[in-house]
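Q: Read off the chains here:
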Amino acid sequence: MSDSLNLSQERIAQELPDRYRPVIDYELCKGCKRCVRECSYSALEFRDGKVRPLRGCVACGRCTAICPTGAIEIRLLPYHFPPHSTFTERIRRSIISQANTGGVLLSSCGTDLEYPMIFDELLLDAAQVTNPSIDPLREPIETITFLGRRGGKLTSSEKKGLLEDEDIGPVIMMDMPIMIGHISLGAVSYPAQKALFKAACDLNIIAGSGEGGLHSDFYAYADHINSEVASGRFGVTPDYLKRVAAVEIKIGQGAKPGHGGHLPGEKVTDLISQTRMIPTGTDALSPYPHHDIYSIEDLQQLICALKEATDYRIPVGVKIAAVHNVAAIASGIVRAGADFITIDGFRGGTGSAPRVIRDHAGLPIEVAVAVVDKRLAEEGLRNKITLCAGGSIRSSADMIKILALGADVAMVCTAALVAMGCRVCQQCHRGLCAWGIATQKPELTARLDPEIASARITRLFTAWNEELKEVLGAMGIDAVESLIGNRDRLRYIGPNPKIAEIMGVKHVGEGWG
Amino acid sequence: MDEERSFPKSSFFLSNGAFSSNESGEMSLRSGSMRRREGYQLGGCGIAGCLSLDGEPISGEKIATMLTTMSERENGLGAGYACYGLFPERRDEFCLQFFFDDEDVKNSVEEFLKDHGNITKDEKVFTKKSTTLKPPFPLVWRFFFRPVERREWRGNQKLSEEDYVVRLVMHVNQHVDGAFCISSGKDMAVFKGNGYSFEISDFYDIQRYRGKMWISHSRFPTNSPGWWGGAHPISILDWAVCHNGEITSYGVNRKFVEMEGYSCTLLTDTEVVAYLWDILVRKHGLPINLAAFAMAPWYYHDIKHLDPQNQKLATLIRVTYKEAFLNGPFSILVGRREPEITMIALADRKKLRPLIVGQSSDEGMFFAASEECAIRAIEPNAETWTPNAGSPAIAQVRNGIIRDGLESPFWGEWNE
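Here the protein sequences come in this chain order: A and B. If you want the numbering used here, it's the position in the first sequence, counting the first as 1, plus 16. By the numbering used here, the letter at position 71 of the second sequence is numbered 67, and the numbering carries on one by one without gaps.
Hints were generated in silico from the structure; no laboratory data involved. Hints may contain errors.
Claimed, not checked - The calculated lysine-lysine pairs, modelled on DSS-like cross-linking and capped at a C-alpha distance of 25 Å, are:
hint : chain 1 : residue 1 : chain 2 : residue 2
1    : A       : Lys390    : B       : Lys279
2    : B       : Lys308    : A       : Lys169
3    : B       : Lys346    : B       : Lys308
4    : B       : Lys308    : A       : Lys258
5    : A       : Lys49     : A       : Lys66
6    : B       : Lys279    : A       : Lys169
7    : B       : Lys58     : B       : Lys124
8    : B       : Lys102    : B       : Lys124
9    : B       : Lys120    : B       : Lys102
10   : B       : Lys125    : A       : Lys169
11   : A       : Lys46     : A       : Lys66
12   : B       : Lys102    : A       : Lys169
13   : B       : Lys110    : B       : Lys58
14   : B       : Lys346    : B       : Lys300
15   : B       : Lys117    : B       : Lys130
16   : B       : Lys102    : B       : Lys130
17   : A       : Lys258    : A       : Lys323
18   : B       : Lys308    : B       : Lys279
19   : B       : Lys279    : A       : Lys323
Work out the full structure: start from the sequences and follow the hints.
A: Here it is in C-alpha cells:
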C-alpha cells in the first residue's frame, strides 16, 4: 500500500501546472484544425468536433497567428501557488522541477528576471541653437562603420611620397553599425540561418555563423559572414576560413558566461552532421574552455594561427562574455593581437543555457562596454580595435546608447529572430519551435520562408538605421563615428548614480561645464 | 567640461560675471549697449586673422580693428589675440605665458620650470588698468625657457623637446592651482581674457605689438563658461586656435587627445582642436591639408568619386583618424610658426559657420574672418572669396597662399 501511495505522490509532484492556456471562441472557430496541426507542442487537439486545449502551451503564439478567424486567445493563467514574496511562483516551480529531475534547469532566450534595464535609464541629447540639428532627409548622415584593426597613426614614406599605415589590419566596411550575432546552424534551422545571411548581404553588414561551421550552400554569402571558432572547432577548416569575411574566437557568451556549447544529439541531423563534421545523432559539445587556451598567451597563439591560416586577409576577433573584470580582460585581448572584440552582456540570448548561469552570471552590456572603452582609452589602445557589443539590444535606441557608451558596432540576435517570427517563448532548447526557427524538424523548418524572413530582418535594420540617422541629426552629428564613446551625449536618469559614475555618464540636469 | 577637477581652480575663474560692466553696472560697450538694454544680442563667435605675405610686420591695431568691427558676434565673455613673429631676438626659446592667481603661484611655477630647464628671461606681460573689466584680473607673466636636455626624455622616453614642453604645460594646467599656461610656443604669444574684444585689446595694449601674423577671436559662449583661461586663442606649443562653433564630437576627440597624453583643463571644446593639430601635424607628420581632411573629411559618397589612389588615401585617413573627426559646426583659424609662420582657415564639412578669406590688392597681406566687413575695415579693396566646406585655406609668410581653399582635398599630394 505504501509503495502505490508513494508512486502516486511522486506522480502528483511531477505535475507542474501550465502557465498559459489557449482559449477557443467557438462562436468564431470554424473547426479547420489548422491550429492543431501548427501546434508543435501538442497543446491543442480536435475532439468531438471541436478544437480543445491540452496541456503544454508555451505561448509561442503560432496558433493565434495562423487562425483564420482569430478565434484563439492565449491566456496567462492566474497564480497557481499561495502568494509569498520570498518563495515566488518562479522559485517554487524551479524547486519542484529540480526535485522531479535532479538536473540542471535549462532555458533559452536570455534572462527574463526583472533586472533594471540601464538602457532605459539613459537619455539622449539633442541639438539646439549653436549646434543646429540636421534633417536626415535633406542632408547626408553617415552610418558607414568599419570592423577591424587600425594602426592609429599614418606614416609617410619618403620613397613613395605616400601615407600608409603599416599596422592597419584588414577591415570590413559595413553600411550600418550593426552586426547579426552568432546563431549557429543547429541552434536554428537551415532556412533561418539562410535568412540571416541573406539579410546581412542585402544590408551590407556582417552576420555571425555561430559555432556550427558553414554549410556549403552558404558559401555564396561568405563575404558577409563572421565565422566562429569555438572550443568544439566544428566545421573549422582552412578552406572554410579563407572564404569568410572575418573569424571570431568564441571564449564566452553573455547568456552563459564560463560555459561552452551543447547541441543535443536529436538535433544533429544529416545536414548538421555534414556542416559540423560530426556523426549524425551525436551530441555536439563545445567544452567550456578551449583546450589549447589556458592563458592570454595561448589566445595570442590561436589569433596568430588563424591570421596565418587566412593569410592576414580577414580580421580575427575574440568574443567574450561581460564578466566582472571585463575591462582588464579586453585590454589583454587587444594586446594579444585581436582585430576586434565582441562583448556579450548577461541578458544575451541563447538556444540553451543553464538557467542559474543565464539569470545570475555576468554584467549588463551597458556597463561592460563603458568600462572597456574607458580602460582601452586609458591604455592608449582604443583607437586600435573595433569594439562590438551585444546582449539585449532590443531597439534602435538601445543600439544608439551602446554606441554612445563606447561600442563601434551593435551586435543583435534575438531582435533578428523576433523579426523572423520568434515570439521569445524561451523553449528553443526543446527543438520544437513552432515558427520553424529554433528546430531541425523538417515539418517545422518548412514553415519558414527564408526570403520572407530575410526581407523582414532587412526592413527591421533599415528602420533602425534610419532611426539612428534621425537621432544623429537631432544631435547635430552627421557621422556615426562621432557618436562612438561620446558619453557627453547621454545623461543618466536612473536610481543609482554610482552606475552612472562607473559608466562615465553625467546625471540628468548636469550641463557641459 | 572637465570632470576630474573641482573648479574653480583659480580665483579668476568666472570672475567677470555674465557681462562686462563697470562697478555701477553701466555698460560701456563701444557698440551694443542699445541691444543690451533691449535684452537680446545677435551673433556667434567672431574670428579674424591677418598674415603678412611679404614678411612685413603688422601692427596689433589692425587686428583689433578687424575683430572689434564684428561686435555683433560677441557678448563680452571672452576675446583674445595671438601674435606670431613677436620675439625675433629670442626666436629659439619657448615663450611660456601664464595666468597666475598671485605672486606665490608664480613663484612656485617658476621653481618648477627651473627644475626642468633654464629660464633665460622672465617679465610681467604689460597690461593696462581697465575700467570696464571686472576684477580680479590674473597676473599675466611670461618666461623665456629652454628645457634642459635629459637623458631620460630623449633616450628612454623618446620625447622630443616639444613633447617635453607639452608635458610641462599639462602638468601645470592639471596640478598647479591658480596657474594656467596660455601659450607655450616660440616667437609667439597669446593675449586673451574675459571681456569684449576691444576691452582685451585695451587691456594688453595690443597696438604696442607688431607681428607677421595675427589671429583673434571674440566669444559668445553657450555651453562652457566664460572665463580667462577659456578665452581663445587656445594654444599649445606654437599652435593657436580660434574657433567659432561647437564640437559635437568633443567626447570622442577628447578621448583621442588624452590617449596621446594631453589633458583637457580649459573647460572648452576648442581645446581638443589645438591638441589635434599638434598630434596630427607635429607628432604624426601629416601634411596640413591631410590633417584638415581628417578633421573635416569628405563624405564616403563623395570619396567614391575620387581616383583610386586618393580614394584609398581618403578612406585610410577617415578610418585611422575617426576620433580626430571634428563633428558639428565650426570655422577655425589656426596659427603655427613651424617651419614658417602659417595661417590655416578651415570650416566644417557642412559649412555651418561663416568663413571668408581675402588678399590685399598689393598681394602683401592674407586675411581670414567670420565676416567680410572685418577684412574691408582694414583693406577696403581686398579680393575676397569663401573657401569650400572642409577645405583649408593656407597662407605662409613669404611663401604666399599655398591653398586658397577651393582645391580638391589631395591636390598636390601624390608624387607620381
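Q: A separate judgement is required for each hint: does it hold in the structure or not?
A: Quick rundown of the hints versus the structure:
1. A:Lys390 with B:Lys279: OK: Lys390 of chain A and Lys279 of chain B at ~23 Å, within 25 Å.
2. B:Lys308 with A:Lys169: Holds: Lys308 of chain B and Lys169 of chain A sit about 15 Å apart, inside 25 Å.
3. B:Lys346 with B:Lys308: 22 Å, holds
4. B:Lys308 with A:Lys258: Holds - the C-alpha atoms of Lys258 of chain A and Lys308 of chain B are around 24 Å apart, at most 25 Å.
5. A:Lys49 with A:Lys66: 9 Å, holds
6. B:Lys279 with A:Lys169: Holds, because 10 Å separates the two Cα atoms, which is no more than 25 Å.
7. B:Lys58 with B:Lys124: 19 Å, holds
8. B:Lys102 with B:Lys124: This hinted pair holds, its Cα atoms lying about 20 Å apart.
9. B:Lys120 with B:Lys102: 11 Å, holds
10. B:Lys125 with A:Lys169: Since the Cα atoms of Lys125 of chain B and Lys169 of chain A sit roughly 48 Å apart, the hinted pair is violated (cutoff 25 Å).
11. A:Lys46 with A:Lys66: 9 Å, holds
12. B:Lys102 with A:Lys169: 38 Å, violated
13. B:Lys110 with B:Lys58: 37 Å, violated
14. B:Lys346 with B:Lys300: 18 Å, holds
15. B:Lys117 with B:Lys130: 30 Å, violated
16. B:Lys102 with B:Lys130: 22 Å, holds
17. A:Lys258 with A:Lys323: 10 Å, holds
18. B:Lys308 with B:Lys279: Answer holds: Lys308 of chain B to Lys279 of chain B is near 22 Å, not above 25 Å.
19. B:Lys279 with A:Lys323: 31 Å, violated
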